[in-house]
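**Q** What follows is each chain in one-letter form.
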Amino acid sequence: DAGITQSPRHKVTETGTPVTLRCHQTENHRYMYWYRQDPGHGLRLIHYSYGVKDTDKGEVSDGYSVSRSKTEDFLLTLESATSSQTSVYFCAISDRGQGETQYFGPGTRLLVL
Amino acid sequence: QQQVKQSPQSLIVQKGGISIINCAYENTAFDYFPWYQQFPGKGPALLIAIRPDVSEKKEGRFTISFNKSAKQFSLHIMDSQPGDSATYFCAASIQGAQKLVFGQGTRLTINP
Numbered sequence: 001d002a003g004i005t006q007s008p009r010h011k012v013t014e015t016g017t018p019v020t021l022r023c024h025q026t027e028n029h030r031y032m033y034w035y036r037q038d039p040g041h042g043l044r045l046i047h048y049s050y051g052v053k054d055t056d057k058g059e060v061s062d063g064y065s066v067s068r069s070k071t072e073d074f075l076l077t078l079e080s081a082t083s084s085q086t087s088v089y090f091c092a093i094s095d096r097g098q099g100e101t102q103y104f105g106p107g108t109r110l111l112v113l
Numbered sequence: 001q002q003q004v005k006q007s008p009q010s011l012i013v014q015k016g017g018i019s020i021i022n023c024a025y026e027n028t029a030f031d032y033f034p035w036y037q038q039f040p041g042k043g044p045a046l047l048i049a050i051r052p053d054v055s056e057k058k059e060g061r062f063t064i065s066f067n068k069s070a071k072q073f074s075l076h077i078m079d080s081q082p083g084d085s086a087t088y089f090c091a092a093s094i095q096g097a098q099k100l101v102f103g104q105g106t107r108l109t110i111n112p
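Protein chains in written order, with this note's numbering: chain A, 1 to 113; chain B, 1 to 112.
Simulated from the structure, these hints should not be mistaken for laboratory data. All C-beta atoms in this analysis are idealised placements derived from N, C-alpha and C, irrespective of residue type, glycine included. It is possible that part of the hints are untrue.
Claimed, not checked - Derived lysine to any residue pairs resembling SDA-like cross-links, with alpha carbons at most 25 Å apart:
| id | chain 1 | residue 1 | chain 2 | residue 2 |
| --- | --- | --- | --- | --- |
| 1 | A | 70 | B | 97 |
| 2 | B | 99 | A | 22 |
| 3 | B | 5 | B | 28 |
| 4 | B | 99 | A | 39 |
| 5 | A | 57 | B | 57 |
| 6 | B | 42 | A | 61 |
| 7 | B | 42 | A | 53 |
Claimed, not checked - Chain B regions said to be covered by chain A (calculated; three or more residues, Cβ under 8 Å):
| id | segment |
| --- | --- |
| 8 | 38-50 |
| 9 | 102-112 |
Construct the complete structure from the given sequences, taking the supplied hints into account.
**A** Structure, rendered in structure tokens:
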């Protein structure tokens with residue numbers, strides 16, 4: 001998975017609790033992304049980062065926040081998890097030097113009860 | 001205008017047959033059209049991509065056909081094999097934007 005790890009890989013949590021997912025890359029790519037994957041909706045962009053401390057919203061950003069304090073790490077936080085945030089979350093990376101190709105991590109399966 | 005619509009949602013093909021997945025877009029500024037392949041439990045991976053200056057691109061058994069006037073593109077898998085069973089996503093991007101818009105995905109099953 002192109003030097004991308006995600007942690008945890010699986011998580012079960014309760015409604016109202018905060019959750020942080022971590023994406024770590026060893027490729028020194030500038031761009032990092034968080035997607036969620038749900039049946040019938042494909043991959044939807046939550047937030048992305050175009051550099052350290054530089055982030056922007058995607059199409060489904062409500063209820064999520066992100067932080068990037070180092071090139072290699074991109075954190076996704078659900079401040080107060082809801083059942084509608086039950087999903088599989090993917091991190092991806094890209095770099096202008098390799099065109100538009102995005103490389104995806106293995107995913108985190110999150111269940112909010 | 002940012003949407004990419006993909007069909008069908010699921011597809012079953014016999015081994016050796018041709019699998020065809022279609023995508024349509026609205027934003028004429030899109031100029032990069034990749035297809036990603038995802039196996040169960042894994043993240044998506046780039047399979048093949050095309051830019052609108054050509055109408056077709058072939059890599060092995062996989063071909064992208066692109067129709068700029070109709071704003072449609074499709075993935076053809078020739079001689080489909082059970083190992084091709086996966087979920088396929090089309091996507092679109094504007095060059096330099098470093099952001100992809102994905103279709104809804106197609107779950108392809110190749111029966112032996």
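**Q** Each of the hints needs a verdict: does it hold here or not?
**A** Here is what the structure says about each hint:
1. A:70 / B:97: holds, 22 Å
2. B:99 / A:22: Given that 25 Å is the threshold and the Cα spacing comes to 20 Å, the pair holds.
3. B:5 / B:28: holds, 14 Å
4. B:99 / A:39: Judged against 25 Å, a Cα distance of about 21 Å means the pair holds.
5. A:57 / B:57: violated, 33 Å
6. B:42 / A:61: Holds - the C-alpha atoms of residue 61 of chain A and residue 42 of chain B are around 23 Å apart, at most 25 Å.
7. B:42 / A:53: violated, 28 Å
8. 38-50: Per the Cβ count (7), the hint holds.
9. 102-112: Coverage by chain A holds here, the residue count being 4 at a Cβ distance below 8 Å.
Going through the hint list in order, the structure does not satisfy hints 5, 7.
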